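**Q** Chain by chain, the residues:
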Amino acid sequence: MTWKDAPPVTRAFLALTASICAVRILLIWQYLVIIVIQAHVPLRDHFFPWVLREPSLLAGAYFAPLCTELPVLLRPSERRMRRHAIMVTLSAAILLVHQASYFFATWVVVFWAGLFLMWMAGSALDAPRHACKTGPLLAQALISFWFLGGAVGKWTAAYWAGEPFYDMFFAHHHYLVYALLRLWVEPGTLRVVATWFSRSVVVVETAMAFLVFLPARTASAITVIVALGMWLCSWDLFEVAWPMIGTALAGRILSAADTLPSTRRA
Amino acid sequence: MTLPILDFIEANAQKPDRAALFLLSAMLFFSCFILLLPLSATVRRAGLQRFQLARWPLAAWIAFQPLPSMYNFENRWEVIRPPGGPCSEQVGGFVNHHVYNRIALFNGRIRFVQCPLPAWVHFRSTYMGTTVETTYRLDSGPDQHGLTVTPVAGP
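Protein sequence lines, in the order shown, are assigned to chains A and B. Each residue of the first sequence is one higher than the last, beginning at 1 in the working numbering. Each residue of the second sequence is one higher than the last, beginning at 1 in the working numbering.
Sample of chain B residues at the chain A side, in silico, Cβ under 7 Å:
no., residue
1, A19
2, M27
3, Q65
4, P66
5, P68
6, F94
7, N101
8, A104
9, R109
10, V113
11, G141
12, T148
Facing chain B, according to a computed beta carbon distance under 8 Å, are these residues of chain A, among others:
no., residue
13, V108
14, P136
15, W146
16, G150
Here are a few chain B residues that sit away from chain A, every Cβ distance over 12 Å (derived from the structure):
no., residue
17, A41
18, R81
19, P86
20, C87
21, P116
Everything labelled a hint here was simulated from the structure, so no lab data went into it. None of the values given here were measured: they were computed from a predicted structure. C-beta atoms are modelled at their ideal positions from N, C-alpha and C, and glycine is treated no differently.
Please model the entire structure based on the sequences and the hints provided.
**A** Shown next as structure tokens:
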């Protein structure tokens, strides 16, 4: 079965899987470094038990989904989709609590996207017509939820004044956009730019929390634009932006299929 | 043009999709804690302590790890090292989220190992009038292998 011939639920599943797979492949080198350092510079602390410090657990959780990711992308079947959805969710759950990876927002997004994949590979495949009515809301709710989590924590005076973003990005970050801004803009103006950037982040993230109430097509278009904007602001945010785009596309595919006269089963 | 939220309600009124309802309920459950942050000092303190790995039982911390909290709160850190050596005696500034990552992150670890030890790392997180502070002491691990991190009362 090719992507073009695939039914909507399968196409939505593949769009989200492809976005997560792309992130995993791009992060391979970084995770190899993390695994090597976890093995050679161990961190003994009061919090993490030995099992959550194990480099082998980290390696397994990171690389194992590739074994199901690639087959399902090349030749999707009901069984492969189910196996892969469980694998992605489990691996993200482990990475979310491992000492060397728990702080990466990537695994929060991938964990929830994995649950969405499990829904697609389960009840959506069993009742595809029904899924085209329920799936778009789930995709939009996930995106709203992720942004709500980011927005509420930024409702502070310092974020409104732009202090954290100025310190973390504008003043020191090596990313090209910030390096060029430091070259081109006076320090005083740079501080003002940081303030308005920070305010726009707070406002946009808060507004995105209401995405769940929008029509599917509008919601997916806005998500893609905002996620691309995030990626532009910081290159390494692709690891969060791409699965968001994948989720938005999955919702869009399912909503478009709802308007078709018939929806085939996978 | 129909709204997905109305389609969802209509479809589930006809035939409930348990998996979809479970997923939505899980999101609503965690959203309640997010929305309680500005309203409850207890939730704020717990949220700030979660980032500092302080005063949270491991099982509860694991249960709340799926909570999205990108760049939450005003988090600052400060590192105090013994004088001498190539590293600055004092480093500090804003940190994004999960502040303990300054110690646990792979490049952070390498920096600590290359500088004189012990070092004291102080985290200060603030949100809407609630502040949580934690200090960790970093020493060389057994046989000079890796790092040992111990929470302390202060530097």
